[in-house]
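As they're listed, the protein sequences go chains B and D.
With the first letter of the first sequence counted as 1, position 100 gets the number 174 in the working numbering; the numbers rise by one all the way through.
With the first letter of the second sequence counted as 1, position 119 gets the number 125 in the working numbering; the numbers rise by one all the way through.
The hints are simulated quantities; they were obtained by calculation from the structure and are not laboratory data.
Built from N, CA and C at the ideal position, the CB exists for glycine as well.
Careful: at least some of the hints might be erroneous.
As the list claims (entries may be wrong) - To give a feel for the contact side, a few chain D residues facing chain B, derived at Cβ under 10 Å:
#1 R62
#2 G75
#3 V78
#4 T82
#5 D84
#6 I86
#7 G92
#8 R115
#9 L122
#10 Q131
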Amino acid sequence: MRNDSDLQATGRWAGLRRSPQRMTGLTLVVVVAVFALVFPMTTSTGYLLSTGVVILNYALLATGWNFMGGFTGYISLGHAAYFGLGCYTTAILIDRVELSWWLALALTPVIVGLIAVPIGIAALRVRGASFVIVTIAFVLILLLVSQSWVSLTGGSTGIMIPRPFDGLTRVEHHRVFYYIFVAALVLALFVWWRIDRSRFGMGLKAVREDEDKARALGVPTFWAKLIAFVWSAVFTSLAGGLYALWFGDLDPVFQFSILMGAYMVLMALLGGVRELYGPVVGAIVVGLSIEFFKAEFGDTQFHLVATGLLLAVVVLFMPEGVIPAVRGLFTRFGPQASSIREETAEQLAARQDAVGATTPGSES
Amino acid sequence: MSTGSGVTLEVHGLSKSFGGVKAVDDATVEFLPGKINALIGPNGSGKTTFFNCVTRMIKADSGTVTLAGKDVTRSTPDRIARLGLGRSFQVCRIFPRMTVMENMLVAVRNPTVSALWRGAHDPEQLERARGWLRRVGIDHLEHAEARNISYGQQKLLELAGVLMADPEIVMLDEPAGGVNPALIGRISTLIRELNAEGRTFIVVEHNMDMVMSLSDHVFVFDRGRPIAAGPPAEVQSDPRVLEAYLGV
Ligand SMILES: Nc1ncnc2c1ncn2[C@@H]1O[C@H](COP(=O)(O)OP(=O)(O)OP(=O)(O)O)[C@@H](O)[C@H]1O
Ligand SMILES: [Mg+2]
Numbered sequence: 075m076r077n078d079s080d081l082q083a084t085g086r087w088a089g090l091r092r093s094p095q096r097m098t099g100l101t102l103v104v105v106v107a108v109f110a111l112v113f114p115m116t117t118s119t120g121y122l123l124s125t126g127v128v129i130l131n132y133a134l135l136a137t138g139w140n141f142m143g144g145f146t147g148y149i150s151l152g153h154a155a156y157f158g159l160g161c162y163t164t165a166i167l168i169d170r171v172e173l174s175w176w177l178a179l180a181l182t183p184v185i186v187g188l189i190a191v192p193i194g195i196a197a198l199r200v201r202g203a204s205f206v207i208v209t210i211a212f213v214l215i216l217l218l219v220s221q222s223w224v225s226l227t228g229g230s231t232g233i234m235i236p237r238p239f240d241g242l243t244r245v246e247h248h249r250v251f252y253y254i255f256v257a258a259l260v261l262a263l264f265v266w267w268r269i270d271r272s273r274f275g276m277g278l279k280a281v282r283e284d285e286d287k288a289r290a291l292g293v294p295t296f297w298a299k300l301i302a303f304v305w306s307a308v309f310t311s312l313a314g315g316l317y318a319l320w321f322g323d324l325d326p327v328f329q330f331s332i333l334m335g336a337y338m339v340l341m342a343l344l345g346g347v348r349e350l351y352g353p354v355v356g357a358i359v360v361g362l363s364i365e366f367f368k369a370e371f372g373d374t375q376f377h378l379v380a381t382g383l384l385l386a387v388v389v390l391f392m393p394e395g396v397i398p399a400v401r402g403l404f405t406r407f408g409p410q411a412s413s414i415r416e417e418t419a420e421q422l423a424a425r426q427d428a429v430g431a432t433t434p435g436s437e438s
Numbered sequence: 007m008s009t010g011s012g013v014t015l016e017v018h019g020l021s022k023s024f025g026g027v028k029a030v031d032d033a034t035v036e037f038l039p040g041k042i043n044a045l046i047g048p049n050g051s052g053k054t055t056f057f058n059c060v061t062r063m064i065k066a067d068s069g070t071v072t073l074a075g076k077d078v079t080r081s082t083p084d085r086i087a088r089l090g091l092g093r094s095f096q097v098c099r100i101f102p103r104m105t106v107m108e109n110m111l112v113a114v115r116n117p118t119v120s121a122l123w124r125g126a127h128d129p130e131q132l133e134r135a136r137g138w139l140r141r142v143g144i145d146h147l148e149h150a151e152a153r154n155i156s157y158g159q160q161k162l163l164e165l166a167g168v169l170m171a172d173p174e175i176v177m178l179d180e181p182a183g184g185v186n187p188a189l190i191g192r193i194s195t196l197i198r199e200l201n202a203e204g205r206t207f208i209v210v211e212h213n214m215d216m217v218m219s220l221s222d223h224v225f226v227f228d229r230g231r232p233i234a235a236g237p238p239a240e241v242q243s244d245p246r247v248l249e250a251y252l253g254v
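Same shape as in the complex, but just chain D (with noise of 0.2 Å):
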């Protein structure tokens, strides 16, 4: 199990546009190492291109993203999830023609040539993988195929997977989007326990009622760049994010 919580993630000068638009604008945000930290902004405000660009799914413009000391501004993504930062997307994605216990073994790190020859269902990452599953509490669907389950648990198993591959921070874009109140409640603890076991966590929610309870710190996204920035109860009656959000 991950103790690191040391693990930092800074972000310097980060831009991207689209065209003309600004998507991200010479964003630097330094994150809590070993908290829960969460982002949030206005629909558009350039949350989830600010993902893409610090796991390089997508090319930034310019600036720097460091990771563990790590400058990883030119990194792949492969690269920067094996160093240790794991991530979700906004739109659930799994691997729909795998079973659900296939999805947890795509994300068993490889770090040797072994892998070229050693079999994929080896007992001890099955037995990882059942333990997550238990966690996030789809164990029973093992076997099924990942697009017959349902979409509440699809977003359980991307969670699950990416925890399979024991990062230390663990980004994820609106956990709670479209998923029932009982089910938020089951995630928001999962989050509290695992990062009480030492994980960092970036979280992007819109579910302001999550955000509160759940964040130790509270980045405010508008334009592109954060506006704000500190702990929950002092970000909630800042001006500038009642501005942001209610667009004066």
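Here chain B stands alone, though its shape is the one from the complex (with noise of 0.2 Å):
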């Protein structure tokens, strides 16, 4: 992409050079969050408000994803797994132990985190090919236990959870939910943003890269990968409770099931999993895809060709995702991209006439 003589100098200028690009950016995002939250004002279509809580629930699952996957590289594969322990915690807490709705909600990402804990220190003594493995079998085991002990899943018949609240039409439901999905969504982005900026942060990104080498440097990796992995049951489990409030409605296969977990990475990789708002843009791009084909074809196994054919061509095409891929154009075509490099030859000859031999960059 660059060439080698100027990177000494753009490293210099990195600061300066993504300014630009943040302002657009942080544009983009404040024009997408506006209309996220005008949108359900506008509209009293429960097709359309309901495909937006869809899509927040995709947005939510994705970025609890992100906080294994995006930070410490760990594929998980079976993480409907947390998404069908937050469903069914939330509904029994409320059918079963009849506590209230939002003390169930509450209580949901708590409980499915502790869980989490030992299930990770298994998992997590085995790396690539195998921790999918693991992530595979365990949602499958997941899925069934939850359709053989009927009396606390009530089996394939399901389980229905009341509506939280009273008297709300059907579209006012979708509009109420919508905003909670916002809500809960923010909060995620929020803490993996704490973690993108924090020390701990750092280390977990030294495991996505080389984790025998962040051990050598100290990083007390298990720890790291331990705990990203609760946060992301805890996320997981938060978006589960809420489709079990919204839906009402649950089912062992749909709630445990492979083809959820694979939406996940597909989302994530496709918006690009070491952005802050990556999985969101994937959510956003599968999901309205998703339910087109839904609407135009039918509840057919098509979309699962569909699916199956864009996480090929992104692994393919674009390794590192969607936003970093167009960021890549406009760093490529943007005018200031030239400029810039102008002036670091100039200021790349000024550095080494003043350094002259001791420099050990000059060598290449």
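Both chains are given apart, each in its own frame, so use the hints to dock them into the complex.
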């Protein structure tokens, strides 16, 4: 991409180079956020609102997945496990324990977070493909358990959760949940952002790059991964709890589905796992595509093929995701790139004159 | 700055086999604290495997490792690092997708849970990192992505990163491997200075000029264990060493 000789200097100017981009990015975020907040008030179409809720649910799931997948590079294909556990924890606390809906919802991430501790300790002993398989195995086990433990989960006849707000129309119900999902998503994004900027986050990203090297530098990688894993389960289960309250009916096949886990991976990869908003962008793109396919072609297996193809295209052509790919286009063709290069060439020459032969950088 | 010239590293009866190959074979080494120790030996004599077993990057089959009086034989690599043993890798390892500065910040020790929310770009740590980058001579690359700098610069970055963790003992696996002669001189000088400040060095190196001029004590490895040890001049004329190298 860039040529070698101007690298030393681009480094120095990286801060400057980024700022116009940062402004563009910020503007875009504000525009999208305003649209997302205003949109539900401009429509009374139940379908549009429920699609909005579905996409926000995906966005929260993908962001939750990204606490583990994005920071550490450990790809969990079985993250539907925490979604399903979230769904059933909320449902069981309301239906069997008879807690109020908000208490059930508040306890759900705590309980699932605690369940995630021993699972994380077991799963994080392995890396790479083995880790992927362990995560899939876990969701399959949960599927079987939830199907056969009928007294607790209702098995395949399902479990019904009463609507939390009495006296709302269907449209109002969707609208209220739309905003609740927005609030949960903002919370998840805030925590992700804090971790991204923290020392702890630096250790996690080091694990993603080279886990053994990180250990050699003293990063307590096991604990770091476990904490990321638990955060990931917490937000994924929060999405599950909200989904249960919104949708009102659970079925093991949908709650513990490998496909749902695959969607989370696809969304996060598509948007870009290194980006705060990556999974959200991915959720919008994939969520809209799924809804479009369902509307056009009915609920066939066709969207499975489309999902598979999309995943292949992303992995092959945009391994970094959409956001970095688009940004890459801007830096390559944007006007600011060339002018800074000229400047840095001068800067480079000046510096080399000043430092002379002692600069190790001039060797190559 | 470290003043721990007394930190010891003792290895007893360390062994590691890969299949039928005894990479390290009952190696017992007591490194001289506060000195520059060199580890030399022909290709495949087990130097890198020895490093990896000592730092627990791989699990040894048997033997004990004692660091500063503590038995770390069953410890983890990150705990050993936090106990003050830093190391570099033979094939230079950095975090390619991070900036040079971020590479440095990874090595900041996080003794408390406050690391969970405290910002990574702490001014005090940034200053420390810049100090080390300046010392190895790549401070102008602070914002560059590590994968984009030259191999020589990456080696310097790796060294700076190891030092950022403030280790009392520094193990370097071929610091001069694959770098140009001007840089070798620079690295030697740096090692000498850091040693004068109280850090112990253990250096695996094939460059004999560097070993002979730099080290206080040389351990010669052959077939997975030390066969000779002593001051450079003494080791140089040891018939066993000549035999190992010439393969008589
Ligand atoms: N991961 C591994 N799997 C199998 N064999 C290995 C492995 N690592 C090292 N070996 C073998 O162990 C022996 C010692 O290798 P090692 O890399 O420790 O030697 P070295 O002294 O560092 O050599 P060099 O000077 O070339 O770096 C060699 O025979 C090597 O082939
Ligand atoms: Mg070696």
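Status of the hints after comparison with the structure:
| no. | hint | in the structure |
| --- | --- | --- |
| 1 | R62 | holds (9 Å) |
| 2 | G75 | violated (19 Å) |
| 3 | V78 | violated (13 Å) |
| 4 | T82 | holds (7 Å) |
| 5 | D84 | holds (4 Å) |
| 6 | I86 | holds (8 Å) |
| 7 | G92 | holds (8 Å) |
| 8 | R115 | holds (6 Å) |
| 9 | L122 | holds (5 Å) |
| 10 | Q131 | holds (8 Å) |
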